[in-house]
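Sequence lines, in order, name chains H and W. Counted from 1, the first sequence has number 17 at position 17 by the working numbering; the numbering is strictly sequential. Counted from 1, the second sequence has number 67 at position 67 by the working numbering; the numbering is strictly sequential.
One or more hints might be untrue.
Here are some chain H residues pointing at chain W (derived, C-beta under 8 angstroms) [to be verified]:
(1) 115
(2) 118
(3) 128
(4) 141
(5) 142
(6) 146
(7) 149
(8) 152
(9) 157
Using C-beta positions, here's what the derived DEER-type ranges look like [as the list claims (entries may be wrong)]:
(10) 153/W <-> 173/H: 55 to 63 angstroms
(11) 71/W <-> 116/H: 28 to 36 angstroms
(12) 116/H <-> 184/W: 30 to 38 angstroms
If you are wondering where the hints come from, they were derived from the structure by calculation, not from laboratory data. Just so it is clear, the structure is predicted and the values come from calculations on it, not from any experiment. All C-beta atoms, glycine included, are put in the ideal place defined by N, C-alpha and C.
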Amino acid sequence: MAEADRIMLFTERAKAASAEVLGPAPKSGLAEEIGRALSAGRHPRAVAHPSLLTIHPWLEFASSDCDLVRHADLGIIAARYGIARTGTCVYEPSNSAERLIALLPPTCLILLRTADIVADIGALAAAFDDRHAGVAQSLFITGPSRTGDIEHVLTLGMQGPGRLVIALWHEDT
Amino acid sequence: MKRRVDDALGSPVLRHALADFSARYVKMRKAAFGGLDFEAIRDEVVAVKERAISERERLQREFAEKLEAKGGRVHRADDSAEANQIIRGILEEHGARKVVKSKSITSEEIRLNKALEGAGLEVTETDLGEWIVQLAGHSPSHMVIPAIHMDRNQIAALFSEKLGEEVPPDIGGMVKLARRHLRRALTEADAGITGANIAVAAAGTLIIVTNEGNGGLATSLPRIHIALVGTDKLLPDWPSAMSILRALPPSATGQRMSSYVSFLTGPALEKQHVILLDNGRRRMAESPDFRQALRCLRCGACLNVCPVYRIIGGQAFSHVYMGGIGTILTAFIHDRDAACELAKLCSGCRACATVCPAGIDIPFLIEKVAGLAAEENGLGPIEWLLLRGVMSRRRAYHALMTSLGKAGGILADKDGMLKIGAGALPSADFRAIPVVARESYRSSLSGRDAREEKGERIIFFTGCLADFVYPETARAAERLLSSVGFETAMPTGQGCCGLPAHHLGDAGTARRQAAEAVKSLSAEGAEPIVTVCPTCLHAIRSLWPELLAGTELESEARRIAARAVGISSFLIARADKLRFAPAKQKITYHDSCHVKNMGEGEELAARRLLTIAGYELVETGENSCCGFGGTFSVNQPGISEKMLSARLDSLSGTGASCAATDCPGCVLQIRGGMARRSVRFLARHTVEYLAEALVDSDD
Ligand code: SF4
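With the rest of the complex left out, here is chain H (with noise of 0.2 angstroms):
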């Protein structure tokens, strides 16, 4: 499957698992895209995952102390891989910090470059033998939280985020 084919495919199912997908946009205007959805100012308790800081520093309203993620009202967090047949996204954290940045806060932003996303979970496994350290902790996210427990309606939020978005983004040309 080609890069743009995949990228259409993750969009349109990460979009029916109730994510809303921004771009694909260069590095360079992800900044503006995120901004206009998220209306960064309405998230004063940002949290970001610390090693996003350095790649994409406009993330400078966002804290980087894990310690903070209870109280904070926006998580952000980059995945390592998509898998365009399911829409999902693929988080490395190694701790549980980490790992709660993507779960406490009501809403979670995931900055994806579509470089990563590969066709199906099959792609992953060889991946994943190669790198059992690096996959330790994995969590794999598609779509928010969500429950149909009540009468088989289905409620987002449960107990993880309630809004979930998904920004695409590619390096500069």
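Please arrange chain W with the ligand on chain H, whose structure you already have, making use of the hints.
Here is chain W with the ligand on its own, set in the frame of chain H:
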């Protein structure tokens, strides 16, 4: 069991919720598997799980080694008592008082909550559905949606009572309220207890699949994580784990992927303990028949399509595992006698086998469980009389049917239904019963020698109903076959196919009947064997080779299985030779479970034939089971009645005044039900409608 079934039958909330969910699930599952080859996925799951079962001892060792190298601790428990003791010990050692749980059916298997609460610990289920049933003091009624038996009003009343505030029956509001309460419990807990959907031996990793995200929270917020994992969850490596992750969410909830899949390797915070639980799994692995049940992913797909479960839900099952697979697991994990009782709830429709992503032949194993009961406790008196006294002796059985046929005139009302008997057995009176025909199909053949006639020959396996009760079906089939150039031959040694006996757990009688039938058919050469009964077709195809495996008749049974074909499939391949005077009648079609779930397209062939014959075919919304299931409708009249009633409503709702089906059993059930409703609605075998519109070639 009877009381629980009666309770369930008396709950319209439950029935409505289950019917609604089941109809939606079928569509969602189909969409989630869209674009994928389900059979290929299933084959992969079977291969992966079989390998894991064969290597289970090695995988347990490897998993423990890898996890302990990451700082986790692995314990082994042989049974529930040991597992409960280990978990209590761990909590005590770490001074834990408050425990949160993420949904784990394995923890229900060992009744962990009771054990922990008995030790004075505060336990909170964090999955919304589990929390609701915990607050209500109920047991879960569905593997994936535990509180499916309660509606929003009941849940609001429960929340109001237990949480001490007035809670309106607004689903969004109740979910928010639950989030607040559960977030507090998660934050304050000392320990999080989870199960695991998969344990990857090569990496020492647990994989937990949830939609709410509580699996991730219960393992990341409390300082101690305890995972209770059945040894059947171990897989060798990542590729095998990915194969399961591809099959599980579409099967469980009709999603392409669940919202959260958490991977855990070693402690997230202070401690991680994993208890590998055997609890009957080793015994299951050592049983050549039941080993396949260890492939189960606990996805619940088999429940969602089970027509009996749809009526009674999960609480009617005595132990945590419910539905068909529950019957099998209960036999090894909890209580064999209870499982033998549960086996009687199976109608034998085979819907579960068509959706099981692990390729488990659930109906066959349920019959094996019924067989264990028959072996240990003997057959019940009625079953004994019916099976051993009558049906296992072909000549005596046929003589009895002939005598009943002679008495038929006296016993029948004007519609050919039995006049007496209803008062004697009121619970079975939801459906009128036909009398045995005055002249059976086989007796109408005497004096005829088919071999003298022209044309190619087929062997006609009528089945008992078309032979003794509905000989008009057999005659219609004969006429159609003749018009496509085939002469029918019916071997006189033909008796019962054995499926009813096998379903009741009497494998001995079934084997004798299969052997007799194979001998009588093998004497007849290599012609196709055509049948008008899908139950017989299933017996010929699958049951006979299975029952006769290892005997001198095995290869003959396999040859015969390859020759067998349903009448509609046989005719559609020769439809160009059929000439019809267009019938122009509005008709609906009822999918017999054995036809539909055999997956050979017999029902599609029948629909095409009816259309070719000029019938105006109108479909019912959902094609549900009519509740016949042979002896099932006699053993479980309450459930059968509810199934029939729903089916009659949907058939009548089409506006047609008649229905075609490819199964004489369904004809009996639907016709009998309509007769009790005093509705003019005719149900007949497809061949009778076709024969009615047929223009004979010499006309
Ligand atoms: S038996 Fe098959 S369908 Fe039923 S729960 Fe197990 S894996 Fe799922």
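If you check each hint against the structure, which ones fail? Hints 1, 2 contradicted; others consistent.
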